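Just so you know, the sequence shown maps onto residues 1257 to 1440 in the working numbering.
Hint data in this document are derived by calculation from the structure and do not stem from the laboratory.
Among the clues, some could well be false.
Said to hold, decoys possible - Within a straight-line C-alpha distance of at most 25 Å, the following computed DSS-like cross-link-like pairs (lysine-lysine) qualify:
no., residue 1, residue 2
1, Lys-1278, Lys-1300
2, Lys-1419, Lys-1342
3, Lys-1419, Lys-1405
4, Lys-1430, Lys-1300
5, Lys-1419, Lys-1430
6, Lys-1400, Lys-1430
Claimed, not checked - Here are the in silico distance ranges between beta carbons for each label pair:
no., residue 1, residue 2, range
7, Gly-1416, Glu-1292, 21 to 31 Å
8, Ser-1345, Thr-1420, 20 to 30 Å
9, Glu-1359, Val-1428, 22 to 32 Å
10, Thr-1399, Lys-1430, 13 to 23 Å
11, Glu-1292, Glu-1348, 23 to 33 Å
12, Glu-1395, Pro-1355, 20 to 30 Å
13, Thr-1399, Phe-1329, 35 to 45 Å
14, Glu-1275, Arg-1383, 31 to 41 Å
15, Phe-1329, Asn-1413, 37 to 47 Å
16, Phe-1368, Asp-1402, 29 to 39 Å
Computed from a predicted model, the values in this text were never measured in an experiment.
The beta carbon of each residue, even a glycine, is placed where N, CA and C say it ideally should be.
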Amino acid sequence: MAAGKSGIYVLYVGASREEATKGLVERVASPEAYDEIFFPTFEKRIKRAGIWRTVDAYLVPGYLFVVTEDVGFLREELMSVPALTKLLSMGEQFVPLGPEETEWLEHLTHPFERTIAFSEGYIVGDRVVVTTGALMGQESRITKIDRRKRFAYLDFNIMGRTKTIKVGLEIVRKVGAKTGQSEQ
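Kindly produce the complete structure, drawing on both the sequences and the hints.
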């Protein structure tokens, strides 16, 4: 990629190494090598001691995302990072996320604030309606819902592969399609 046009590149670092590797890259690599380095997270709700709490969880465990204009310079800088890092590529060429992938990630998160907000909605018949949160307008991407754990599963295309990810979604009620009556 030529310098001057930013792209989001994906870096494999291994599960549970996201924060440590991000810190290493920030300390060792030149700040000019990238505009932003992040691991996207999503808000989820967990119940501890009878109280619901909102916590952050990794959206794509084991991966860092790097925004850069010069992937060649970034690659050189990553060689000095004393951790297992691998820029994902297609063949011999490092390629950024595609326009659709980038647009979707930018819709759900914002630069320098890469957490997907918890969503709420309801079900009418077999159709999900999201009323608040990051998944508003993204209902067609939802492939499965786990009401008990409060997750929505979505397919995310990354580097030519489809990866199923989960994000926080609470279904507050289910409405019968024919009767219009609420089922709790």
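Now for the hints, and whether the structure bears them out:
| no. | hint | verdict |
| --- | --- | --- |
| 1 | Lys-1278 x Lys-1300 | 22 Å, holds |
| 2 | Lys-1419 x Lys-1342 | 18 Å, holds |
| 3 | Lys-1419 x Lys-1405 | 20 Å, holds |
| 4 | Lys-1430 x Lys-1300 | 20 Å, holds |
| 5 | Lys-1419 x Lys-1430 | 28 Å, violated |
| 6 | Lys-1400 x Lys-1430 | 15 Å, holds |
| 7 | Gly-1416 x Glu-1292: 21 to 31 Å | 23 Å, holds |
| 8 | Ser-1345 x Thr-1420: 20 to 30 Å | 22 Å, holds |
| 9 | Glu-1359 x Val-1428: 22 to 32 Å | 29 Å, holds |
| 10 | Thr-1399 x Lys-1430: 13 to 23 Å | 18 Å, holds |
| 11 | Glu-1292 x Glu-1348: 23 to 33 Å | 26 Å, holds |
| 12 | Glu-1395 x Pro-1355: 20 to 30 Å | 22 Å, holds |
| 13 | Thr-1399 x Phe-1329: 35 to 45 Å | 38 Å, holds |
| 14 | Glu-1275 x Arg-1383: 31 to 41 Å | 38 Å, holds |
| 15 | Phe-1329 x Asn-1413: 37 to 47 Å | 27 Å, violated |
| 16 | Phe-1368 x Asp-1402: 29 to 39 Å | 30 Å, holds |
Consistency with the previously given hints fails for numbers 5, 15, ordered from lowest to highest.
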